[in-house]
Amino acid sequence: MSNNNASNNLITAKRAVNQLRLEASIRRIKVSQAAAELRNFCLQNASKDPLLVGVPSSDNPFRPPKSCSLF
Amino acid sequence: THQMACQGLQGGETVASLKRESESLRKKLEEERKKLSDIELNQVAEKIEVLGPLSIKTRRVLKGHGNKVLCMDWCKDKRRLVSSSQDGKVIVWDAFTLNKEHGVALPCTWVMACAYAPSGCAVACGGLDNKCSVFPLSLDKNENLSAKKKSVAMHTNYVSGCTFTSSDMQILTSSGDGTCALWDVESGQLLQSFHGHTADVLSLDLAPSETGNTFVSGGCDKKANIWDMRSGQNIQSFESHESDINCVKYYPSGDAFASASDDATCRFYDLRADREVAVYQKDSVIFGASTVDFSLSGRLLFAGYNDYTINVWDVLKGTRASILFGHENRVSRVRVSPDGTALCSASWDNTLRVSWAAYL
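Residue numbers (full-length UniProt numbering), protein chains in the order written: chain E, 1 to 71; chain P, 1 to 360.
Worth flagging that the hints you see were computed from the coordinates, not collected in a lab.
Please read all numbers here as calculations on a predicted model, not as lab measurements.
Now the stretches of chain P that chain E is said to cover, found in silico as 3 or more residues with beta-carbon under 8 Å:
1) 12-20
2) 23-37
3) 293-300
For every residue, glycine included, the Cβ atom is placed at its ideal position computed from N, Cα and C.
Please construct the entire structure, taking both the sequences and the accompanying hints into account.
Right under this line is the structure:
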């Protein structure tokens, strides 16, 4: 029983090390570059963002329903 | 597998030596991330104009659930949505007309997860039953939806989140059993499982289609993990929250994601810089955040809290742009509609509210 536990602990520890090695090895860019790209994405799409700029009432499908007159 | 793991062991490796190596790798990871942290996001945003006042108002209140609404999802048609509740019911609504188009009662309570299929022809839901089931939506209102129910996912604890992938054919689930899993809807077969979290996984979100086959998950181990859907590999991991992560959501470009936590903060992580780049917090905000979603441009982050409010954060500047009131209990889920026009919020007050911005 104790042999099993020992080998399980070893396997878990090895998995943790392999995972960390993988994470440590990824290529990263500077925050300044990443932040600039996030900012640019926002600014480029801002005018098309309805919750940011609003939608004219006539175009909005959620506008309060107008009553119809039947002739 | 056991055998493969054993073959990876070098001679002389012990648990102690591996733990030491883990520690030094963790330190190295922190150093590498710090080296590239040359500026704060809000500094990069300093020159941008401050946002004008937002005028987001509730225009629809969806009443019909008998208990807490736990989850909702928009249909691609931008007008229908599906919601699920503690009372075991799943309802499909037309948010324009407030019409309830479909309803199904599950045999379990606490339906914590629901999702609309990309085709608009089915919904998936799950919760305390440890399963995720798919219901095709019939045009025949008299048809009993339960009869067509397809049990797809089987976890060993509650299902906390579910989403269809790019088609109606596959669903991705997150669970209290600490795993995420990818399933084939037709056969119910498990296609891939994702192991790495050390506690309940509470949320997941699929990367926007242009970004490729990855998804993000967050949970009670305070970690947010990025996964490769094909290999099952955990690619990146972020641990900066001080308590459970209740929700994770990708930024619209796919290069970043946000998280909501019981520690009363929301955070923003950039995937290419591999680190947290913003924390959205305020001294006056002391209740846990349960849910987040971005507006179309990614400039606004809507976050629902346990103090019944929705804080709207300026993602770039890190300040609060607005606060939305109206719900009479915890906000459990916020979702922006597919074309960015409307915000739906679900709450423990048994209602859903649909809001949009007036033109200024």
